[in-house]
Amino acid sequence: MKLDAKIPQGPLEEKWSNYKKTARLVNPANRKKLDVIVVGTGLAGASLAASMGELGYNVKAFCFQDSPRRAHSVAAQGGVNAAKNYKNDGDSVYRMFVDTLKGGDFRAREANVYRLAECSVNLIDQAVAQGVPFGREYAGYLNNRSFGGVQVSRTFYARGQTGQQLLLGTYQALMRQVDKGSVQLYSSHEMLDLVVIDGKARGIIARNLETGELERHAAHTVVLATGGFGKIYYLSTLAMGCNGSAIWRAHKKGAYFASPSWTQIHPTSLPQSGDYQSKLTLMSESLRNDGRIWVPKNLEETRLANDIPEEERDYYLERRYPAFGNLAPRDISSRAAKERIDAGHGIGALKNAVYLDFSKAIREQGQAKIAEKYGNLFNMYEKITGINAYKEPMMISPAAHFSMGGLWVDYELMTTIPGLFALGEANFADHGANRLGANSLLQASVDGYFIAPYTIANYLSDQIKVGKISTQDVAFEVAEKEAHEKLHHLLTIKGKYTVDYFHKKLGKLLYDYCGLARNKEGLEFAIKEIKKLKEEFYTDVNVTGTAGAMNAELEKAGRVADYFEIGILMCYDALTRDESCGAHFREEYQTEEGEAQRNDEQFQFISAWEWPGMVDSEPILNKEDLTFEFVQPTIRSYK
Amino acid sequence: MKLYLKIWRQKDRVSEGKLVEYTLDNVNTHMSFLEMLDTLNNQLITNNEEPVEFDHDCREGICGQCGVVINGIAHGPLKNTTTCQLHMREFKDNETILIEPFRAAGFPVKKDLKVDRGAFDRIISSGGYVSVNTGQAPEANTIPVGHETAEAAFDSAACIGCGACVATCKNGSAALFTSAKITQLALLPQAKEERDQRALKMIAQMDKEQFGHCSNTEACEVECPQGISVLNIARMNYEYNRASFLKFKK
Chain A
581 MKLDAKIPQG PLEEKWSNYK KTARLVNPAN RKKLDVIVVG TGLAGASLAA SMGELGYNVK
641 AFCFQDSPRR AHSVAAQGGV NAAKNYKNDG DSVYRMFVDT LKGGDFRARE ANVYRLAECS
701 VNLIDQAVAQ GVPFGREYAG YLNNRSFGGV QVSRTFYARG QTGQQLLLGT YQALMRQVDK
761 GSVQLYSSHE MLDLVVIDGK ARGIIARNLE TGELERHAAH TVVLATGGFG KIYYLSTLAM
821 GCNGSAIWRA HKKGAYFASP SWTQIHPTSL PQSGDYQSKL TLMSESLRND GRIWVPKNLE
881 ETRLANDIPE EERDYYLERR YPAFGNLAPR DISSRAAKER IDAGHGIGAL KNAVYLDFSK
941 AIREQGQAKI AEKYGNLFNM YEKITGINAY KEPMMISPAA HFSMGGLWVD YELMTTIPGL
1001 FALGEANFAD HGANRLGANS LLQASVDGYF IAPYTIANYL SDQIKVGKIS TQDVAFEVAE
1061 KEAHEKLHHL LTIKGKYTVD YFHKKLGKLL YDYCGLARNK EGLEFAIKEI KKLKEEFYTD
1121 VNVTGTAGAM NAELEKAGRV ADYFEIGILM CYDALTRDES CGAHFREEYQ TEEGEAQRND
1181 EQFQFISAWE WPGMVDSEPI LNKEDLTFEF VQPTIRSYK
Chain B
660 MKLYLKIWRQ KDRVSEGKLV EYTLDNVNTH MSFLEMLDTL NNQLITNNEE PVEFDHDCRE
720 GICGQCGVVI NGIAHGPLKN TTTCQLHMRE FKDNETILIE PFRAAGFPVK KDLKVDRGAF
780 DRIISSGGYV SVNTGQAPEA NTIPVGHETA EAAFDSAACI GCGACVATCK NGSAALFTSA
840 KITQLALLPQ AKEERDQRAL KMIAQMDKEQ FGHCSNTEAC EVECPQGISV LNIARMNYEY
900 NRASFLKFKK
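Protein chains in written order, with my numbering: chain A, 581 to 1219; chain B, 660 to 909.
The following block holds chain A by itself, in its conformation from the complex (with noise of 0.2 Å):
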């Protein structure tokens, strides 16, 4: 198929205007004639809901946690990037799009990235009037702080707590919509299929966690919100019901996936102490505007940390990236981070972390303005490790974090299915191969507010013609019988192991072949080794329990089975392109001094991928040519 964007014509910054300028609308009278489904209830999909609501349209949000208020951008910390230029340090909308550009190694779209920096402006006020309380000034003002990758300071924050804050702003809003009756909500449900009728998106078919019965809604547009499926390492900073199955069962109806492998490995974040763990915590990035990250210099290192002097240390960051030391962007710092590591000088028990060292920032700044910034932080590094960290530096270790790849979408931000839209996360948009800081709170708030609100509407402008959407329709039937069988199938295998135990095998086989560097050998081997653990699940997983119950251990192993399938798409989708860009580091592809060696003759473009239409066969790549109109990509050098 070939991909239009429907990138809209015109200057870059007028495209958006254009755009709305021109969409098509919905008469208020007949909005509450459409019906739209939302699933997901994070910064995305609960900010889309609440609008869609106050708009007049008949709403309906689904979210398997038990509260709205728990959807994972709750966990975001650091802050929201917006180009105020309120530090009048020469911030504009133009060096936002161009610093996102450049962080994501020229692999996304212009207009789409330009339309992000445009409407960050907005979010902040619209956020401001909700009362989520950010970090002032004395004076009264908004206050800013540094991310990586950039040079000036366009984060907002409140606390080490901005993600929670947010969604707690934009919670509010859909609780009030839940009020007036606009929207309906259904916490504790989960998607399981999406229903497809005449090649347009018309409904799901969704299982209510506490009784296990399975329900059919319908409506004239579905919109996932469902987030990161980062949790397929089984290890990462994700809450562990994160996944992907939403977007990957509409995958298999027609859905194209677009640059999987695109995964971003956070540098900060607690490392791995046993085989018993069951997450990474992350600690902000913001911890990098005044903690310096550093090895010790000696192989054999067995001081502690405090004991080892100044010139024995190598603070690697600030030695290979001089313009931007330790805010080097995530997935360089990570990789530099592993470089250190895989050559001895890890250090902990594991020898499997670096340093992030706060004694210069407390003897300069005092230990009370440092509390004050990351007090949070400092409390939940104390609370896990038994470390108090404004004694000695922390210790931290890079894990699976975001996922840069997604559901394909056009500017709309539709996907190949008419009528399916995703946003945030869950789709691959804005954040080419590597997304910078703060960005994803962002993304996630300007599609549900300020995007998806209009293109759906010009979506649904010729909807009312086709009436109610009936749940009685054969292809609701079919997908609720598939999806009672696919159910019932899990209980029956009865076999030796746990979900989790599989869950764990994956995420290493991807964490080590398909993570942090990848080779052509190695990805090879992972999808022979993924289709056979598969293959293992599928004779000897043990999930106990019914279907018609709450029924924990099932819900994962409807997730783990589908994880197996996207696993195998993302090595695919890292073996097809033999290059190295962003967090895509292909050990074959790298410059003398280990940087990413782009291939932009050959691989300027987005995979999109396509289900075949039958497990186990190849999936089919579709290209989506990209093209550089207003900035010319260079090699991106933050030395």
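Read the hints as simulated data drawn from the structure, not as lab findings.
A hint or two may mislead.
As the list claims (entries may be wrong) - Examples of chain A residues lying across from chain B (beta carbon under 10 Å, computed): (1) 598; (2) 602; (3) 645; (4) 709; (5) 858; (6) 1130.
Claimed, not checked - Listed next, the stretches of chain B that the computed footprint assigns to chain A, with coverage defined by at least 3 CB atoms under 8 Å from CB atoms of chain A: (7) 728-741; (8) 773-785; (9) 828-838; (10) 847-853.
Unchecked claim - Residues on chain A that point at chain B, a partial pick, calculated with CB under 10 Å: (11) 635; (12) 715; (13) 720; (14) 889; (15) 1079.
Glycine included, C-beta positions come from ideal geometry on N, C-alpha and C.
Given chain A, put chain B in place with the hints provided.
Chain B alone, transformed into the frame defined by chain A:
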């Protein structure tokens, strides 16, 4: 370490529950409390028994989904800590640990250790917001908020909605949860227009949800993982009285 666990098992909302005893060997002191429960569940599944259902998600103390009562204390022995952030180094070898759900009239048990906290959503839904539609917002810096006021609003806004305050209170009161939202919004200029209505509506909803009155024991603050202060409750009472008086005057 070796542990003796007594865990509340309950099939569903209507069935009667009971404490069931389990023994768990080889617990590592660096495990989190939930990882200890994962280990127990793996053992149960391997023996073809149904695992214990418990709420959890982010496992970094911010989503508010996890929470059980451990040896009679909501979220366990460590101050200002959610269950997921509690580590086994806080327990002794051969210790018996009693694990129960967050119990309160307003939080019916769904299964085992999972409770229904939908009442919290309904309290927020009744007025815990600023009525601003998408697109209406003025330029952010046109509403200055002093540093101290913003910080104080943040302190109240930091509530994660876990419900430990309710589980701890002998009256099963949701006063701390409700007051934190009322206070956050009462402090901020952009939320002042709806201040009176908000206080009256949210408190009416709280009462409707079968939460008891504030017991004035301040136990909620002690067990709150975010350290939300009981001064929020004082502020809520002030807001309520003020709004009631103004309403009466009209």
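Hint check results:
A least Cβ separation of about 19 Å between residue 598(A) and chain B goes past the 10 Å threshold, and the interface hint is therefore violated. The restraint placing residue 602(A) at the interface with chain B is violated, with a minimum CB-CB distance near 19 Å, outside the 10 Å limit. This hint holds: residue 645(A) has a C-beta 6 Å from the nearest C-beta of chain B, less than the 10 Å allowed. The beta carbon of residue 709(A) comes within 4 Å of a beta carbon in chain B, closer than 10 Å, and the hint placing it at the interface holds.
Against a cut-off of 10 Å between C-beta atoms, the interface hint on residue 858(A) holds, since the closest Cβ of chain B lies about 5 Å away. Taken as an interface hint, residue 1130(A) checks out: its beta carbon lies about 5 Å from the nearest beta carbon of chain B, inside 10 Å. Coverage of a stretch by a chain is defined here by at least three residues with a beta carbon nearer than 8 Å to that chain's beta carbons; for the segment 728-741 of chain B and chain A the count is 3, and the condition holds. Here the segment 773-785 of chain B counts 9 residues with a CB under 8 Å from a CB of chain A, which clears the bar of 3, and the coverage holds.
By the rule of at least three residues with a Cβ nearer than 8 Å to a Cβ of chain A, the coverage given for the segment 828-838 of chain B is violated, with 0 such residues. Only residues whose beta carbon comes within less than 8 Å of a beta carbon in chain A count, and the segment 847-853 of chain B has 3; three or more means the coverage holds. Because the smallest distance between the Cβ of residue 635(A) and any Cβ of chain B comes to about 8 Å, under 10 Å, the interface hint for this residue holds. This hint holds: residue 715(A) has a C-beta 7 Å from the nearest C-beta of chain B, less than the 10 Å allowed.
Interface hint status for residue 720(A): upheld, as the beta-carbon distance to the closest one in chain B is roughly 3 Å, under 10 Å. For residue 889(A), the interface hint is violated, since its Cβ never comes within 10 Å of a Cβ in chain B; the closest pair sits about 30 Å apart. Checking residue 1079(A) against chain B by beta carbon gives a least distance of about 8 Å; that is within 10 Å, so the hint holds.
Consistency note: the structure conflicts with the earlier hints numbered 1, 2, 9, 14.
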